[in-house]
Amino acid sequence: MTTPGPPIEADAATAPFFAAAARDELLLLRCKGCGAWHPPEVTTCCGPLEWVAAAGRGIVVTWALVHTAPHPDFADAVPFRTAIVELTEGPWLQVRLTAAGEPAAGSPVRITFAHPAEGASYPVGVLEGP
Amino acid sequence: MDAAIVGLGITEVGRVYGRSAPDFAADAVRRAVTDAGLTLADVDGLLVSSGTTQDVDVSLQRRLGLRDLRLLSAMQAFGATAGAMLAHAAAAVTHGLADVVACVFADAPRRAGESSGAAYAGRRRYALTGAPALRTVAGGNPTVQYALAARRHMQTYGTTSEQLGAVAVAQRRWAALNPLAEMRRPLTLDEHQASRWIAEPLHLLDCCLVSNGGAAVVVTRADRAADLARPPVHVLGLGQGHPGYPAARGSGFGLTTGAARSGADALGMAGVRTGDVDVLELYDCYTYTVVVTLEDYGFCPKGEGGPFVAAGHTAPGGSLPVNTGGGQLSGYYLWGMTPLTEAVLQARGHAGERQVPRHDVVMVSGNGGILDHHSTVVLSPHRRERVR
Ligand SMILES: [Zn+2]
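Residue numbers (full-length UniProt numbering), protein chains in the order written: chain A, 1 to 130; chain B, 1 to 388.
Be a bit skeptical, because a hint or two may be false.
Beta-carbon label-pair distances, calculated as ranges [unchecked claim]:
1. Gln-61(B) to Thr-44(A): 36 to 44 angstroms
2. Pro-179(B) to Ala-75(A): 33 to 41 angstroms
3. Val-16(B) to Pro-7(A): 36 to 44 angstroms
4. Gly-33(A) to Ala-226(B): 54 to 62 angstroms
With a straight-line cut-off of 25 angstroms between C-alpha atoms, the simulated SDA-like cross-links for lysine to any residue are [said to hold, decoys possible]:
5. Lys-32(A) to Gly-250(B)
6. Lys-302(B) to Ile-370(B)
7. Lys-302(B) to Arg-261(B)
8. Lys-32(A) to Gly-244(B)
9. Lys-32(A) to Tyr-245(B)
10. Lys-302(B) to Leu-255(B)
11. Lys-32(A) to Ala-131(B)
12. Lys-302(B) to Thr-256(B)
13. Lys-302(B) to Ser-319(B)
14. Lys-32(A) to Pro-246(B)
15. Lys-32(A) to Gly-130(B)
16. Lys-302(B) to Ala-104(A)
17. Lys-32(A) to Ser-251(B)
18. Lys-302(B) to Ala-13(A)
19. Lys-32(A) to Arg-249(B)
20. Lys-302(B) to Arg-249(B)
21. Lys-32(A) to Ala-13(A)
22. Lys-32(A) to Pro-132(B)
23. Lys-32(A) to Ala-247(B)
24. Lys-302(B) to Arg-348(B)
25. Lys-302(B) to Lys-32(A)
26. Lys-302(B) to Thr-274(B)
27. Lys-302(B) to Ala-247(B)
28. Lys-302(B) to Ala-105(A)
29. Lys-302(B) to Ser-251(B)
30. Lys-32(A) to Ala-248(B)
Just so you know, the hints here were simulated from the structure itself, not pulled from any lab data. Since the structure is predicted, the reported quantities are computational estimates derived from the model, not experimental observations. No residue lacks a Cβ here, since even glycine has one placed at the ideal position from N, Cα and C.
With the rest of the complex left out, here is chain A (with noise of 0.2 angstroms):
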């Protein structure tokens, strides 16, 4: 199944995400300081940040089926959903629900790995059954 979308590339700040992501692991960040979970676009807290590999699970905060193309390389894929979701550790992570089946707030998500045949590999949603 070939990927929807553009390619993507990690920045410096961000490599280790992405490397983590082609061997199908979600790394977060967390504050050595007070030990707060940050998603990856965050840059700063009390003390220094590290990444940390996360459990891959969460709920929906909100979602939304997605009709024109937000991108002209989504324009096959065209309806899909996309969702914030609020992994176990505490930050939001928005990405595309790959397998069929109508969200709910609330409803358990899994985190499974895009591996497109161009650019990085990165994180995808999967609705869990009830």
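Please arrange chain B with the ligand on chain A, whose structure you already have, making use of the hints.
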């Protein structure tokens, strides 16, 4: 605060082609200065704001031939910029940093023969590197993010698509009375419901127009305003709210916005309450934005914005006229200048067929980013001590 809006300039707006955003910006400033009964030589402050084309900058000074300015800046808080420019201008004239400040916004994203969606898509820059790229491959874009916000509101409070549709229908009724509005044909709730999905739960008719054009206001000190050509519109209250939502557990994204702080601050500065507000001009990039702003400003309890609009309160003849020019959904889309320009017309009593009879207190919102930035302005034809 001791400032008033004394000039208003709105260019031709909508499907107007062959002119750049700086062309519209210069035209809007000239119109606003003329409207005030002033000349460009009187202007000693200029604040500029760009839309999608990002080419309205401080070089507008030279284009207008303005000499020896005392205040000049390009400002950017997205949809909150009009209110932010007004706050900067009002503070400047109050404290003598400048005497006559023009604030202008212009954009020209539309091209002839192209849909409004294409107009924005063609200019969108996609994050393809690092953490922001995760949203791109998740299928996010501004409209999708608003759909996510709206869905969370619906799931939490029971807001329905029909209630969002009621916002579009009410505003279309106002637009029918506004010769400046692009969409004036009556709209039914069924047509809203039948319009195609962009990103569920948002239909096409939940989304604003895309317009070419520009608008400007001229601000001066209240004591100077009395001698000018138009009835002054006094700036009674100002506020901003930038929530900085964490992308983590506990975020109020979709439920509560910067309007809560911004609105309370602006009403407090003006010394009025929501019950004193006669006309409300809300930033309406999407129908949902109107619903959540009504709640955050305190015009109805949290979660009841949908039923409030569906009950008809905001439509012509209702108890709280909202977006009396049709707003960005049906009127014209000039970012924060859409609600601000209509507010000035209403406060002056110059809104023609759609004029609201009582217009002593007019409240205006601006909303930018994905609910990341909010500004509020409270306006009145009266000075603060004469309101209420
Ligand atoms: Zn910390």
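Status of each hint after checking the structure:
A C-beta distance of roughly 37 angstroms is found between Gln-61(B) and Thr-44(A), which places it inside the suggested range of 36 to 44 angstroms. With their beta carbons about 39 angstroms apart, Pro-179(B) and Ala-75(A) fall inside the hinted range of 33 to 41 angstroms. Between Val-16(B) and Pro-7(A) the beta carbon distance is about 38 angstroms. The supplied range of 36 to 44 angstroms therefore holds. The hint said 54 to 62 angstroms for the Cβ distance between Gly-33(A) and Ala-226(B), and at roughly 58 angstroms that hint holds.
The straight-line distance between the Cα atoms of Lys-32(A) and Gly-250(B) is roughly 21 angstroms, inside the 25 angstroms bound, and the hint therefore holds. At roughly 19 angstroms between alpha-carbon atoms, Lys-302(B) and Ile-370(B) fall within 25 angstroms of each other, so this suggested pair holds. Proximity of Lys-302(B) to Arg-261(B) is assessed by CA-CA distance (about 14 angstroms); at most 25 angstroms being required, the pair is judged to hold. Pair hint Lys-32(A) plus Gly-244(B) holds up; C-alpha atoms about 23 angstroms apart against a cutoff of 25 angstroms.
Distance check on the hinted pair: Lys-32(A) and Tyr-245(B) sit about 22 angstroms apart at the alpha-carbon level, within 25 angstroms; holds. The straight-line distance between the Cα atoms of Lys-302(B) and Leu-255(B) is roughly 9 angstroms, inside the 25 angstroms bound, and the hint therefore holds. About 21 angstroms separates the Cα atoms of Lys-32(A) and Ala-131(B), which keeps this hinted pair within 25 angstroms; it holds. Restraint check for Lys-302(B) and Thr-256(B): satisfied, since their Cα atoms lie roughly 8 angstroms apart, inside the 25 angstroms limit.
Only pairs whose Cα atoms come within 25 angstroms are accepted, and Lys-302(B) paired with Ser-319(B) is accepted, the gap being roughly 19 angstroms. For the proposed pair Lys-32(A) and Pro-246(B), the alpha carbon gap of about 19 angstroms is at most 25 angstroms, so the pair holds. Distance restraint check for Lys-32(A) and Gly-130(B): the Cα-Cα separation of roughly 22 angstroms lies within the 25 angstroms cut-off, and the hinted pair is therefore satisfied. Distance hint between Lys-302(B) and Ala-104(A) is fulfilled; the C-alpha atoms sit about 21 angstroms from each other, no more than 25 angstroms.
Of the supplied pair hints, the one linking Lys-32(A) and Ser-251(B) holds, its CA atoms being roughly 23 angstroms apart against a limit of 25 angstroms. A threshold of 25 angstroms between alpha carbons decides the hint, and for Lys-302(B) with Ala-13(A) the separation of about 39 angstroms lies outside it, so the pair is violated. About 19 angstroms separates the Cα atoms of Lys-32(A) and Arg-249(B), which keeps this hinted pair within 25 angstroms; it holds. Using a Cα cut-off of 25 angstroms, the hinted pair Lys-302(B) and Arg-249(B) holds, with the two alpha carbons roughly 20 angstroms apart.
As the CA atoms of Lys-32(A) and Ala-13(A) are separated by approximately 17 angstroms, the hinted pair is consistent with the 25 angstroms bound. Between Lys-32(A) and Pro-132(B) the alpha-carbon distance is near 24 angstroms, which keeps this suggested pair within the 25 angstroms criterion. A hinted pair counts as satisfied when its Cα atoms are at most 25 angstroms apart, and Lys-32(A) with Ala-247(B) qualifies at roughly 19 angstroms. A threshold of 25 angstroms between alpha carbons decides the hint, and for Lys-302(B) with Arg-348(B) the separation of about 32 angstroms lies outside it, so the pair is violated.
In summary, the hint linking Lys-302(B) to Lys-32(A) is not supported, as the alpha carbons are separated by about 38 angstroms, beyond the 25 angstroms threshold. Between Lys-302(B) and Thr-274(B), the direct Cα distance comes to roughly 14 angstroms. Compliance with the 25 angstroms bound is thereby established for this hinted pair. Proximity of Lys-302(B) to Ala-247(B) is assessed by CA-CA distance (about 22 angstroms); at most 25 angstroms being required, the pair is judged to hold. With a C-alpha separation of about 19 angstroms, the suggested pair Lys-302(B) and Ala-105(A) falls inside the 25 angstroms cut-off, and the hint holds.
Annotation: proposed proximity of Lys-302(B) to Ser-251(B) holds, straight-line Cα distance about 16 angstroms (limit 25 angstroms). Taken as a hint, the Lys-32(A) and Ala-248(B) pair is honoured in the structure, with Cα atoms around 18 angstroms apart against an allowance of 25 angstroms.
Comparing the model with each numbered hint stated earlier shows that hints 18, 24 and 25 do not hold.
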